[in-house]
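Protein chains: 2
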Amino acid sequence: MTWTAPARLELIALQTLPLISAGDDIGQLIVAALERESLKLAAGDVLVLAQKIISKAEGRMVELASVTPSRRARALAQRNGKDPRVIELILRESRKVLRVGKEVLIVEHRSGFILANAGIDQSNVNADGGNGSALLLPEDADASAAKVRRAIGQASGVDCGLMIIDSIGRAWRLGTVGQTLGASGVPMVVDARGRADLFGRKLRATDIGVGDEIAAAASLLMGQANERRPVVLVRGLMAAPEATQLGRDLQRDAREDLFR
Amino acid sequence: MTWTAPARLELIALQTLPLISAGDDIGQLIVAALERESLKLAAGDVLVLAQKIISKAEGRMVELASVTPSRRARALAQRNGKDPRVIELILRESRKVLRVGKEVLIVEHRSGFILANAGIDQSNVNADGGNGSALLLPEDADASAAKVRRAIGQASGVDCGLMIIDSIGRAWRLGTVGQTLGASGVPMVVDARGRADLFGRKLRATDIGVGDEIAAAASLLMGQANERRPVVLVRGLMAAPEATQLGRDLQRDAREDLFR
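Residue numbers (our numbering), protein chains in the order written: chain A, 510 to 769; chain B, 510 to 769.
Honestly, the hints are just simulated from the structure, not real lab data. For every residue, glycine included, the Cβ atom is placed at its ideal position computed from N, Cα and C. Check each hint, because a few of them may be wrong.
[To be verified] Here are the simulated lysine to aspartate or glutamate pairs, EDC-like style, with alpha carbons at most 20 Å apart:
| id | chain 1 | residue 1 | chain 2 | residue 2 |
| --- | --- | --- | --- | --- |
| 1 | B | K611 | A | D762 |
| 2 | A | K591 | B | D534 |
| 3 | A | K549 | A | E519 |
[As the list claims (entries may be wrong)] Residues from chain B shown here face chain A by an in silico Cβ test under 8 Å; the list is partial:
| id | residue |
| --- | --- |
| 4 | T525 |
| 5 | A586 |
| 6 | D592 |
| 7 | R608 |
| 8 | D649 |
| 9 | D651 |
| 10 | W681 |
| 11 | T685 |
| 12 | A726 |
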């Protein structure tokens, strides 16, 4: 799809969202927080949500005591030093193990995304110190994004775009960056092929990963540790509500991937 | 280094920078554009520059007619369909070829970064249609960033952070995203290890690639084709001028990389 780059962009982290528990209606809680903070949604706005709050609301927390590691999980645990119960969860959430590193498995998640430890999180997930449970990714982050978007549209009367993101490690580079897991109503991959450049030469191979650029931008405001900022409002993108792309459209097909 | 995530962030693309030619003083041109656009630099601001304008100012344009492809370059050209003279330039700019794809070489650039075609650009580089020349990356993007930062500090009296970025393709995911090539006075990799999470559990392995998140955010405003917006002002980061990290600090050491 085509898209026009904005000349100005503003990002605002919500400050008053309560801690999320299983069953919470995140859409309603976000609209209430926006009102408390005197932020008025406008068409073209995009709300970017940390995956953790979606997973919590969807009840994706698993008690490790309830997990019996398979033989394969125990063997992998011996190789890389991770808790075999966590490895068991990673294997259940994955299609394929790509690499085994120290305390990490790089896998193709069931969603198709390549993720360290299948995106399973043991930090900030509960009040017992985090050793006894793990938080899985949403079952279907694109479906979750569409659902929360609808809830926000109903509660606020404004149809904004919505994204669910996570902090993801990368090949070749240090540091995690925000990347898209699911999306609704936001352009994800913008095709600049065939457009002329400044001097009239046709551009080649210049798909832009706009979805991931938005995710990285919002992630800057979320912080990682004590900051309680799982929701960022992005203003100025003029995202089109009719955008039909999904987070999964950022996946590279395995057959076209030189690095698996 | 440590860093506090901002609660608000504003990004503004400069609109009046002239086209850049070899020998131009980019720092002075940026300060003049800021004044024309009534934008006042403040401490903590970061200016993000597209690599193309640095390469042009530094005279990194090469006429393809002047390039004699080596035997190796001709052999690779037969395999992947690229102009053998461009392949020759890619090889000269690289330490190592990692993958040979259709019309693309993935290489370890002399800087250490993993890049498609060594970051060599044939679009938007000149007025002759772009077929006759190619634009190489800056010799040392971190040194270029420091130099332009100094020039801006002298011309404006404000010591802001400065980054040089490019649109880069990634393993596993579609679409290019803005990534850091060089930087001065901006945090690049923020170490959250050892900080307690919301519930007091110590975070592990959570370095954040803040530099690349800023690069991706700024890239959203630059566009790819006809938009003439190679400079973006980022407000609200409160970047510390004493930050000593460089763009190259975002490189993962080859020995710790599972995907080379």
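Comparing the hints with the structure gives:
{"no.": "1", "hint": "K611/B x D762/A", "verdict": "holds (15 Å)"}
{"no.": "2", "hint": "K591/A x D534/B", "verdict": "violated (53 Å)"}
{"no.": "3", "hint": "K549/A x E519/A", "verdict": "holds (14 Å)"}
{"no.": "4", "hint": "T525", "verdict": "violated (12 Å)"}
{"no.": "5", "hint": "A586", "verdict": "violated (16 Å)"}
{"no.": "6", "hint": "D592", "verdict": "violated (12 Å)"}
{"no.": "7", "hint": "R608", "verdict": "holds (4 Å)"}
{"no.": "8", "hint": "D649", "verdict": "violated (19 Å)"}
{"no.": "9", "hint": "D651", "verdict": "violated (15 Å)"}
{"no.": "10", "hint": "W681", "verdict": "holds (4 Å)"}
{"no.": "11", "hint": "T685", "verdict": "holds (6 Å)"}
{"no.": "12", "hint": "A726", "verdict": "holds (3 Å)"}
Of the numbered hints given earlier, the model fails hints 2, 4, 5, 6, 8 and 9; all others are met.
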